[in-house]
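Residue numbers (this note's numbering), protein chains in the order written: chain A, 1 to 137; chain B, 138 to 267.
Simulated from the structure, these hints should not be mistaken for laboratory data. Do not take every clue at face value.
What the hints assert, rightly or not - Straight-line distance between alpha carbons at most 20 Å, and here's what the computed EDC-like set of lysine to aspartate or glutamate pairs gives:
(1) Lys168/B to Glu148/B
(2) Lys105/A to Glu231/B
(3) Lys105/A to Glu163/B
(4) Lys175/B to Glu163/B
(5) Lys97/A to Glu248/B
(6) Lys133/A to Glu4/A
(7) Lys97/A to Glu163/B
(8) Lys105/A to Glu248/B
(9) Lys20/A to Glu10/A
(10) Lys132/A to Glu163/B
(11) Lys247/B to Glu10/A
As the list claims (entries may be wrong) - Residues on chain A that point at chain B, a partial pick, calculated with CB under 8 Å:
(12) Lys25
(13) Cys27
(14) Glu106
(15) Val108
(16) Val109
(17) Arg110
(18) Gly111
(19) Asn113
(20) Glu119
(21) Tyr125
(22) Ser129
(23) Lys132
(24) Lys133
(25) Val135
Unchecked claim - So the derived label-pair ranges between C-beta atoms look like this:
(26) Asp100/A to Gly204/B: 45 to 53 Å
(27) Arg63/A to Lys175/B: 20 to 28 Å
(28) Phe246/B to Val79/A: 31 to 39 Å
(29) Tyr234/B to Glu119/A: 16 to 24 Å
(30) Tyr82/A to Tyr200/B: 58 to 66 Å
(31) Pro33/A to Leu209/B: 25 to 33 Å
(32) Glu24/A to Ser206/B: 43 to 51 Å
(33) Tyr234/B to Thr35/A: 16 to 24 Å
(34) Tyr234/B to Pro14/A: 17 to 25 Å
Glycine included, C-beta positions come from ideal geometry on N, C-alpha and C.
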Amino acid sequence: MLLEVIMEAEVNCPFCARLKPLLEKLCRDLDVPLTIKYLGNRAVAAYEPSVASSTFSPEWVQRWGLPEHKKKLEKIAPVLSYLQNIGAQTFPNVIIKWHDGIRTKEIVVRGFNPRRANEYLRNLYVLLSTLKKVVRR
Amino acid sequence: MVYSVFYYGMEAITRAILGFTLKLYEIAKKKEKEKVVKKKKKEAPAPTWGFFSTVNMYNAKEYTWVGKSTNLRVSIPSLIKLPIKAHETAKPPERLYFTFGEAASPDWFKEIEHLAELIEKSSKGGKGAS
Chain A
1 MLLEVIMEAE VNCPFCARLK PLLEKLCRDL DVPLTIKYLG NRAVAAYEPS
51 VASSTFSPEW VQRWGLPEHK KKLEKIAPVL SYLQNIGAQT FPNVIIKWHD
101 GIRTKEIVVR GFNPRRANEY LRNLYVLLST LKKVVRR
Chain B
138 MVYSVFYYGM EAITRAILGF TLKLYEIAKK KEKEKVVKKK KKEAPAPTWG
188 FFSTVNMYNA KEYTWVGKST NLRVSIPSLI KLPIKAHETA KPPERLYFTF
238 GEAASPDWFK EIEHLAELIE KSSKGGKGAS
């Protein structure tokens with residue numbers, strides 16, 4: 001699959017429920033495949049590693065983080081490991097995944113605010129339509 | 138008659154007591170001997186399989202793994218200190234992370250471009266940034 005949208009959601013998350021139909025409509029209009037992964041505490045795939053959750057781990061910061069982050073890691077490491085242990089995640093996460101011919105690239109957007117949904121969806125529409133052209137070419 | 142009965146009775150009792158004490162003494166001695174024998178441990182047979190430290194044809198130390206039930210011999214060179222610092226060969230994943238506020242702002246595409254440029258620079262041979 002060259003271009004796809006993945007939504008990481010939680011069953012009891014109200015923002016996820018608000019975003020889901022909007023995203024479905026957008027993806028239907030643009031003919032882009034959309035998959036919804038339920039990764040919350042009560043979901044079947046609760047322990048599946050999420051793209052968004054991996055950024056909160058000290059290992060991730062140690063390996064891929066910026067030098068500024070690495071400097072602050074000593075202080076933040078216990079907090080990060082605590083967040084990992086309790087499985088704290090932000091929902092919803094929208095992941096736009098595409099392959100440009102060399103490797104797969106991803107854009108991860110954390111969170112959703114229904115008040116600014118129009119601007120967000122407009123941006124997403126523009127991004128997806130341009131990416132679609134890039135992928136088809 | 139009375140005398141003989143008492144006599145034999147006493148004799149039997151003393152014999153029984155003496156026999157019992159002597160038996161106890163013998164058992165104690167036997168146990169001591171066993172203890173001495175147990176203290177002398179048998180030497181373990183030379184290992185026929187596992188890791189062996191060997192010297193290769195270039196007089197460098199290495200370990201050889203000899204198989205247990207198979208005729209396997211694997212030489213493992215010993216670790217040496219590298220003169221240069223080791224670095225990771227794997228490339229970082231090309232992921233761009235945004236918050237909702239960033240994604241909803243009109244300058245989102247500028248940010249994407251900027252981050253993509255950073256990734257390109259880092260993939261060419263810089264520090265990890267994503």
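Taking the hints in turn, this is what the structure says about them:
1. Lys168/B to Glu148/B: Cα-Cα ~30 Å, so violated.
2. Lys105/A to Glu231/B: Judged against 20 Å, a Cα distance of about 5 Å means the pair holds.
3. Lys105/A to Glu163/B: Measuring from Cα to Cα gives roughly 87 Å; hence the hint is violated.
4. Lys175/B to Glu163/B: Holds, because 18 Å separates the two Cα atoms, which is no more than 20 Å.
5. Lys97/A to Glu248/B: Roughly 17 Å between the alpha carbons, so the hint for lysine 97/A and glutamate 248/B holds.
6. Lys133/A to Glu4/A: holds, 13 Å
7. Lys97/A to Glu163/B: Outside the cut-off at roughly 87 Å; violated.
8. Lys105/A to Glu248/B: holds, 16 Å
9. Lys20/A to Glu10/A: holds, 11 Å
10. Lys132/A to Glu163/B: With a Cα-Cα distance of about 98 Å, the restraint between lysine 132/A and glutamate 163/B is violated, given a limit of 20 Å.
11. Lys247/B to Glu10/A: Violated, because 30 Å separates the two Cα atoms, which is more than 20 Å.
12. Lys25: violated, 17 Å
13. Cys27: Hint violated; cysteine 27/A Cβ to chain B Cβ min 16 Å, cut 8 Å.
14. Glu106: For glutamate 106/A, the interface hint holds, since the closest Cβ of chain B sits about 5 Å away, which is under 8 Å.
15. Val108: OK, holds: valine 108/A within 8 Å of chain B, min 5 Å.
16. Val109: holds, 4 Å
17. Arg110: holds, 6 Å
18. Gly111: holds, 4 Å
19. Asn113: holds, 5 Å
20. Glu119: Hint holds; glutamate 119/A Cβ to chain B Cβ min 4 Å, cut 8 Å.
21. Tyr125: Violated - the Cβ of tyrosine 125/A stays beyond 8 Å from chain B, reaching only about 12 Å at its closest.
22. Ser129: violated, 12 Å
23. Lys132: violated, 15 Å
24. Lys133: With a minimum Cβ separation of about 14 Å from chain B (threshold 8 Å), the hint on lysine 133/A is violated.
25. Val135: Result: violated, 15 Å to nearest chain B Cβ.
26. Asp100/A to Gly204/B: 45 to 53 Å: Given about 48 Å between the Cβ atoms, the range holds.
27. Arg63/A to Lys175/B: 20 to 28 Å: Given range 20 to 28 Å: violated, Cβ gap about 56 Å.
28. Phe246/B to Val79/A: 31 to 39 Å: holds, 33 Å
29. Tyr234/B to Glu119/A: 16 to 24 Å: holds, 19 Å
30. Tyr82/A to Tyr200/B: 58 to 66 Å: violated, 41 Å
31. Pro33/A to Leu209/B: 25 to 33 Å: violated, 49 Å
32. Glu24/A to Ser206/B: 43 to 51 Å: Cβ of glutamate 24/A to Cβ of serine 206/B: about 60 Å, so the range 43 to 51 Å is violated.
33. Tyr234/B to Thr35/A: 16 to 24 Å: holds, 19 Å
34. Tyr234/B to Pro14/A: 17 to 25 Å: holds, 23 Å
The structure shown violates the earlier hints numbered 1, 3, 7, 10, 11, 12, 13, 21, 22, 23, 24, 25, 27, 30, 31, 32.
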